[in-house]
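One line per chain: the protein sequences are A and B, in this order.
According to my numbering, the first sequence is numbered sequentially starting from 1.
According to my numbering, the second sequence is numbered sequentially starting from 122.
Errors might be hidden in some of the hints.
Said to hold, decoys possible - In silico DSSO-like links for lysine-lysine, alpha-carbon gap of 27 Å or less:
1. A/Lys47 x B/Lys138
2. A/Lys50 x B/Lys138
3. A/Lys22 x B/Lys171
Unchecked claim - Pulled a few chain A residues facing chain B out of the computed Cβ check, cut under 8 Å:
4. Val25
5. His29
6. Pro40
7. Ala90
To be verified - Taking CB as the label site, the calculated pair distances span:
8. B/Arg156 x A/Ser28: 39 to 45 Å
9. B/Gly157 x A/Ser28: 27 to 33 Å
10. A/Arg102 x B/Lys138: 39 to 45 Å
11. B/Glu139 x A/Thr15: 42 to 48 Å
12. B/Lys138 x A/Glu18: 29 to 35 Å
These aren't lab readings, by the way, just hints derived from the structure by calculation.
Don't be surprised by glycine CBs; every beta carbon is placed ideally from N, CA and C.
Protein chains: 2
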Amino acid sequence: MGKIIKRQRVMVPLTLKELATKAGVSSSHLGRIERGERFPSARTLVKIAKPLGFEENELFALAGYLSRQIPAIAEGSPEYSGGQLDPFVARMLAQESLEVQRAVVGILAVLKSIARDMSAK
Amino acid sequence: MGKIIKRQRVMVPLTLKELATKAGVSSSHLGRIERGERFPSARTLVKIAKPLGFEENELFALAGYLSRQIPAIAEGSPEYSGGQLDPFVARMLAQESLEVQRAVVGILAVLKSIARDMSAK
DNA sequence: ATTGACATTTGCCATTTGGCTAATTATAAT
DNA sequence: ATTATAATTAGCCAAATGGCAAATGTCAAT
């Protein structure tokens, strides 16, 4: 799931090696980061952000995205945020237009329903 | 300069040890990061960010990367919400676990990067 | 100046990162 | 299917990170 790029030219026209040369990071290392076997340093993160088209203020999102396989979006973990919205998340979303904000919760709903289907076997 | 904290209680009422416990990072390590003897991993950076009140970009700047500039709330979509988070959206997301909340932001960032690629050619 | 109470830095070292090269695996053509 | 070619993964290991405890530095009162 949590892949930066999919493979070949399926999702994004970027292979590991292409990204590797653009970012100045070895492709083997990128591969391990992709599948969660390694956790990039901030330096590496910054290097790969630009070729991927991430802005500076999205680095944190990228970090969060990379350093955890998207965790059970389905029946999420029982330890909830207690109805609290994470400040970082709030800040990020607040920069988006209202349309995008709404789309985000819509997408989330879709993902949850898909996840439910999948776990229903 | 860009010191996280100044020392004792001179600048900000936060000592290395206080930040250390809040962030879950050793104070000695934080100290070395501050004076540039160590370069934090993305994970460490993320840990430090929240206790400091999400000055993410500042942190990356402190760590020696990125241009040191205030977030510049703009950039991106044409019509902004003026930094406002829609109450409905906030309420929906607040019910999700922290991990999901962050994953949502991560996914959004990825979508934006893909969109950029597509429009770029 | 000395003491006491903290805050910060240093030394040491177990883990982890990240590059290089060699497998392995996928893709495209024959 | 077979082969050629490009992409991803695995093995190895030097270099860097990050924790802990000891050493050092700072400030406030005596």
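Handout entry: Given hint B/Lys138 paired with A/Lys50 - CA-CA distance at most 27 Å
Key = 34 Å, violated
Handout entry: Cβ distance range 39 to 45 Å for B/Arg156 and A/Ser28, holds or violated
Key = Violated: the Cβ-Cβ distance is about 32 Å, outside 39 to 45 Å.
Problem - Per-residue hint verdict: A/Val25, partner chain B, C-beta under 8 Å - result: Violated - the Cβ of A/Val25 stays beyond 8 Å from chain B, reaching only about 13 Å at its closest.
Handout entry: Residue hint A/Ala90, partner chain B, criterion CB-CB below 8 Å
Key = Holds - the Cβ of A/Ala90 comes within 8 Å of chain B, reaching about 5 Å at its closest.
Practice task
Take the C-alpha atoms of A/Lys47 and B/Lys138, compute the straight-line distance between them, and say whether it is at most 27 Å.
Solution key: 31 Å, violated
Problem - B/Gly157 versus A/Ser28 beta-carbon gap, inside 27 to 33 Å or not - result: At 28 Å between Cβs, range holds.
Exercise for the section: With 29 to 35 Å as the target window, see if B/Lys138 and A/Glu18 comply at their CB atoms. Expected result: 45 Å, violated
Problem - Cut-off 8 Å, beta-carbon criterion: hint that A/His29 touches chain B - result: 14 Å, violated
Handout entry: Hint check for B/Lys138 and A/Arg102 - Cβ pair distance inside 39 to 45 Å
Key = Holds, since A/Arg102 and B/Lys138 (Cβ atoms, about 43 Å apart) stay within the stated range.
Handout entry: Pairwise beta carbon distance, B/Glu139 to A/Thr15, judged against the given window 42 to 48 Å
Key = 45 Å, holds
Practice task
Mind checking the CB of A/Pro40 against every CB in chain B and telling me if the closest is under 8 Å?
Solution key: 5 Å, holds
Exercise for the section: Below or equal to 27 Å on CA atoms is what counts here, so check A/Lys22 against B/Lys171. Expected result: Violated, at about 31 Å.
Checked against the numbered hints above, the structure breaks hints 1, 2, 3, 4, 5, 8, 12 and satisfies the rest.
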